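Asker: Residue numbers (the working numbering), protein chains in the order written: chain A, 68 to 198; chain B, 39 to 351; chain C, 17 to 575.
Just to be clear, a hint being listed does not mean it is correct.
Stated by the list, open to error - The following label-pair restraints were derived from C-beta to C-beta distances:
#1 Lys197(A) to Leu140(B): 22 to 30 Å
#2 Lys197(A) to Ile489(C): 19 to 27 Å
#3 Asn205(B) to Gly202(C): 41 to 49 Å
#4 Ile68(B) to Lys456(C): 40 to 48 Å
To be verified - Residues of chain B clear of chain A, computed beta-carbon distances all greater than 10 Å:
#5 Lys50
#6 Thr58
#7 Leu71
#8 Ser121
#9 Ala127
#10 Leu129
#11 Arg132
#12 Ile133
#13 Asn136
#14 Arg152
#15 Lys274
#16 Glu284
#17 Glu289
#18 Lys291
#19 Tyr337
#20 Leu344
Hints were generated in silico from the structure; no laboratory data involved.
Please read these numbers as outputs of a predicted model, since none were measured by experiment.
Here a beta-carbon is modelled for each residue, glycine too, at the ideal position from N, C-alpha and C.
Below are the chains, spelled out letter by letter.
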Amino acid sequence: MDRPIRVLVAKPGLDGHDRGAKVIARALRDAGMEVIYTGLRQTPEQIVAAAIQEDVDVVAMSILSGAHNHLFPKVVNLLKEEGVDDMLIIGGGVIPEDDIPFLIESGIEAIFTPGTSTKDVVEFIKNNLKR
Amino acid sequence: MNIDEKLLKGDKRACARLITMLESNDKEAIEILKNLYKNTGKAYVIGVTGPPGAGKSTLTDKLVKELRKQDKKVGIIAIDPTSPFSGGAILGDRIRMNDLSLDKNIFIRSMGTRGSLGGMSRATWGAVKVLDIFGCDYIFIETVGVGQSEVDIVKTADTVLMVMVPNLGDDIQAIKAGIMEIADVFAINKSDLDGADKTELEVEMNLDLNEEMDFRPPVVKVSAAKNKDIDKLLEKIIEHRTYLEETNKLEEKRIRNNKTELLKMVEEDLMSLILDKAVKEDLLENLAREVTLREKDPYTAKEEILKLIVKSE
Amino acid sequence: MFDDKKINELRSSIDRWEKETVEKTISRFPERKEKFTTGSNEEINRLYTPVDIKNFDYERDLGYPGEYPYTRGVQPTMYRGRLWTMRQYAGFATAEESNERYKYLLDQGQTGLSVAFDLPTQIGYDSDHPLAEGEVGKVGVAIDSLKDMEILFDGIPLDKVSTSMTINAPASILLAMYIAVAEKQGVSKDKLRGTIQNDILKEYIARGTYIFPPEPSMRLITNIFEYCSKEVPKWNTISISGYHIREAGSTAAQEVAFTLADGIAYVEAAINAGLDVDDFAPRLSFFFNAHNDLLEEVAKYRAARRLWARIMKERFKAQNPKSMQLKFHTQTAGSTLTAQQPDNNIIRVTIQTLAAVLGGTQSLHTNSRDEALALPTEDSVRIALRTQQIVAYESGVTETVDPLAGSYYIESLTNKIEEEAIKYIERIDELGGAPKAIEKGYIQREIQNAAYRYQMEVESLERIVVGVNKFQIEEEDKKEILKVDKTVELSQKEKLVKLREERNNEEVEKALNILKEKAGTDENLMPYILDAVKTYATLGEICDVLREVFGEYEQSIIL
């Protein structure tokens with residue numbers, strides 16, 4: 068790809084812990100990507116609208132409140148309803164291992180839990196783009 | 039349905055994808071725009087600029103909401119600087135417009151400057167055309183007024199809104215020196231702060247220096263955060279539009295803008311043609327070395343580079 | 017403490033030691049690293065000696081426990097008199113389940129309650145609000161109205177326990193509910209003991225559960241100060257929190273600086289609202305983090321105590337010694353816990369507990385080992401509480417006051433953190449105080465830079481996190497974790513429907529209208545909020561009224 072990878076970094080749900088999202092945003096920028104950061108308290112609908120208008124390659128979401136099982140799949144489904152099938156969707160946060168298979172099955176392609184190196188996230192994105 | 043048909047129908051994904059393609063100077067996208075150019079011309083373009091922290095995004099958000107009351111369709115292009123080190127960028131203007139996202143008559147797009155050779159102005163002008171075809175009545179281009187290329191872009195808007203805030207200190211000097219003269223309307227944001235009156239006075243005094251203005255830019259104090267006097271500001275913007283339209287100056291301005299755009303595109307294409315060749319064949323590197331070692335004078339060297347495209351044409 | 021001559025002699029003997037003894041060793045056995053740093057990236061010398069604290073003046077800089085400048089502690093006998101309050105933050109799902117957990121914890125020897133609310137409650141939404149979807153009962157208990165609060169404290173005598181509530185933007189409403197529950201139990205307001213967090217500035221900086229813009233938020237806070245100083249005199253009206261600032265990635269010195277800068281802003285707001293500093297300052301309390309760098313953390317608490325005493329005395333001319341005492345709650349650092357090999361977290365929490373206790377904390381929450389995975393199970397919570405008890409009863413560190421004082425390293429580090437914090441506070445003053453510095457994004461940017469630097473240090477292995485970037489293992493067995501039942505949201509919604517049917521809706525509307533009208537005036541809102549709460553107006557309804565008048569805060573994004 069001869070253009071920068073575009074990534075939407077979003078925080079669905081109500082928790083205000085954006086340390087991880089912001090560190091990731093900076094790391095992705097430093098890896099040469101264009102990061103659209105949408106801030107706190109985003110509804111799945113807002114995230115999907117932003118992802119479409121910004122025509123991003125990747126939607127990266129972070130949740131620490133425990134609402135991931137509800138909110139992550141909702142974003143995937145709304146994107147599907149809009150006919151979007153070429154965005155890579157990833158998630159991160161405090162997410163119990165037990166929940167990961169369900170989330171992967173719902174269409175989140177990777178879940179990054181605390182302790183993940185930002186380099187791993189960058190590599191994963193670069194290797195799994197859908198267009 | 040093809041992407042052009044979808045765009046004409048007001049499809050957001052088509053709109054978004056075309057802008058992406060134009061950002062990478064994609065040939066197919068340019069062909070599409072050639073065909074659809076006849077569908078442009080309805081949109082009115084407002085450039086919003088001002089120093090960092092002036093509240094441009096919040097103010098744009100509020101102006102757009104005001105326009106939505108009049109049932110206008112609005113596009114917003116928010117430009118943020120690209121990091122010169124990594125080529126990446128964090129585009130954060132959207133955050134102040136999050137509740138606009140869901141309105142189907144609003145389209146927001148964030149763009150990085152992608153370096154001076156990245157063709158930002160061309161991409162922005164392309165995006166304006168796409169949003170025009172998409173059906174927007176108004177298009178906002180919002181950018182920090184620091185880099186020359188950003189100023190160039192804002193300058194080509196129909197109305198340029200300059201956003202100021204009180205107590206900027208030295209920043210105001212920099213702005214005065216650069217882009218005060220391109221503004222058609224001034225907004226003094228955060229009007230509830232001490233110093234708003236002083237800033238207003240400073241701007242007015244600055245305007246007094248230029249006596250030969252046909253249209254004296256109005257200065258409006260607003261508070262974007264408190265949603266105060268936004269309607270007044272919009273009124274002044276519309277007044278400027280009416281003035282341009284009634285005096286036939288809008289067409290003059292657009293001819294001037296199109297001249298700028300054409301020249302810029304030619305310049306960029308020529309540049310990339312030269313760079314492509316010269317860099318690829320190590321010519322630039324070698325010539326620069328020869329000039330440094332006094333083996334060749336720079337003027338002859340330049341002529342040798344120019345010969346490259348004369349030959350190829 | 018030492019005269020110049022003695023210091024000079026020492027300097028030359030240290031030089032000698034470096035040349036004769038150290039270099040010899042280093043030439044054969046180099047040190048492990050080029051540069052040694054604290055957890056907050058402060059450079060650490062090989063050795064600390066009197067030279068490093070040459071201007072040290074015992075009486076001026078340390079004094080005695082229970083006396084100005086309180087460096088050694090706010091009470092004269094510290095833990096020889098009474099141990100700190102062991103206060104585990106808990107609350108999840110419904111009021112019924114949380115009530116059970118509280119009773120369990122009290123049975124286990126816990127001495128104070130600490131209520132965690134779910135996010136919709138913290139942001140002023142009822143459980144049936146669209147934004148609450150998926151969040152009800154997740155990180156704490158869902159409280160929609162006085163009804164839930166009555167259940168939450170059912171069978172717990174409010175004149176006997178002290179209750180800490182982690183609530184900020186809608187603090188006045190939850191406090192009003194607590195007062196109303198007490199009244200129903202027959203307990204008068206002046207007997208209530210506890211704390212509300214009530215610290216909105218750090219919400220804008222780091223924690224994110226804000227509702228209203230700064231101005232009306234500060235007004236609500238000063239309303240509480242004023243109301244409580246007259247009506248609920250034993251209540252700690254604010255817990256000025258560095259905890260979340262540190263969790264967001266700040267350094268130790270930044271934690272002290274930004275917390276105290278927030279504190280200064282609250283004191284100024286209250287004084288501007290016409291209160292006398294000694295009327296409310298004794299009820300201010302603080303909340304700090306405990307990280308892994310044991311000695312730096314101890315120095316941090318000591319520096320914070322000394323600096324606050326000086327600020328209150330010199331800047332605000334407080335007369336009452338209680339106004340100068342920085343009393344604080346501590347929580348061990350959630351951000352240092354790892355999802356990998358979670359049992360290791362027990363050891364981290366132990367070190368952090370020691371830091372808090374050696375630093376003279378008044379109360380402590382110890383995190384559970386599984387918090388990087390999910391909400392803690394009962395087993396994990398018990399181990400966390402036992403960690404405090406072991407430090408309290410077996411380690412011996414409680415038997416004398418401020419045992420680390422006089423260590424050259426500790427005193428030097430205490431000075432350094434205080435100096436650095438003073439510099440930050442001066443910069444914030446230049447920017448116009450904490451609220452302005454937050455609006456300009458200065459504080460957020462400083463924290464984010466520190467957070468990013470830390471992350472890069474971990475990734476480049478400059479900083480080792482055991483089990484994360486070194487000493488990793490393949491982990492198979494999954495630990496048992498606690499899950500919140502999906503039915504919580506439904507049952508809360510049902511309760512709301514029922515509530516709206518059963519209560520006197522005319523009264524509710526009347527109370528809300530009065531509140532709305534008063535919100536537009538300068539009057540203290542606490543009595544009107546209390547009236548509204550008693551009609552069983554919901555938290556969301558009350559917040560909506562205030563949102564209408566005050567507007568909502570828009571986040572300023574700084575990256």
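Asker: Indicate, hint by hint, whether the structure satisfies it.
Answerer: Going down the list of hints, with the structure as the test:
1. At roughly 25 Å, the beta-carbon separation of Lys197(A) and Leu140(B) lies within the given 22 to 30 Å, and the hint holds.
2. The hinted window of 19 to 27 Å between Lys197(A) and Ile489(C) is violated, with their beta carbons roughly 34 Å apart.
3. Between Asn205(B) and Gly202(C) the C-beta distance comes to about 55 Å, which lies outside the given range of 41 to 49 Å.
4. Between Ile68(B) and Lys456(C) the beta carbon distance is about 43 Å. The supplied range of 40 to 48 Å therefore holds.
5. Separation of Lys50(B) from chain A is inadequate, the least Cβ-Cβ distance of about 6 Å not exceeding the 10 Å criterion.
6. Annotated as non-interface, Thr58(B) brings its C-beta within 10 Å of a C-beta of chain A; the closest such distance is 5 Å.
7. No beta-carbon of chain A comes within 10 Å of the beta-carbon of Leu71(B); the shortest separation is about 16 Å.
8. With a cut of 10 Å on Cβ distances, Ser121(B) falls inside the contact zone with chain A, its closest approach being about 6 Å.
9. A cut-off of 10 Å between C-beta atoms contradicts the statement that Ala127(B) is not in contact with chain A; the least separation is 5 Å.
10. Once the 10 Å rule is applied to beta carbons, Leu129(B) is inconsistent with being away from chain A; the minimum gap is 5 Å.
11. With a least CB separation of 6 Å from chain A, Arg132(B) falls inside the 10 Å interface cut-off, contrary to its annotation.
12. The Cβ of Ile133(B) sits about 4 Å from the closest Cβ of chain A, inside the 10 Å cut-off, so the non-interface label is violated.
13. A beta-carbon of chain A comes within 10 Å of the beta-carbon of Asn136(B); the shortest separation is about 6 Å.
14. A cut-off of 10 Å between C-beta atoms contradicts the statement that Arg152(B) is not in contact with chain A; the least separation is 7 Å.
15. Consistency note on Lys274(B): stated as away from chain A, and its beta-carbon is indeed over 10 Å from all of that chain's, at 29 Å minimum.
16. No beta-carbon of chain A is positioned within 10 Å of the beta-carbon of Glu284(B); the least distance is around 35 Å.
17. Distance check on Glu289(B): its Cβ is at least 31 Å (rounded) from any Cβ of chain A, clearing the 10 Å threshold; non-interface status holds.
18. Under the 10 Å C-beta cut-off, the non-interface status given to Lys291(B) relative to chain A holds; the minimum distance is some 29 Å.
19. A cut-off of 10 Å between C-beta atoms confirms that Tyr337(B) is not in contact with chain A; the least separation is 34 Å.
20. Against the 10 Å criterion, Leu344(B) stays outside the reach of chain A, whose nearest CB is about 27 Å from its own CB.
The structure is inconsistent with the numbered hints 2, 3, 5, 6, 8, 9, 10, 11, 12, 13 and 14, although it conforms to all the rest.
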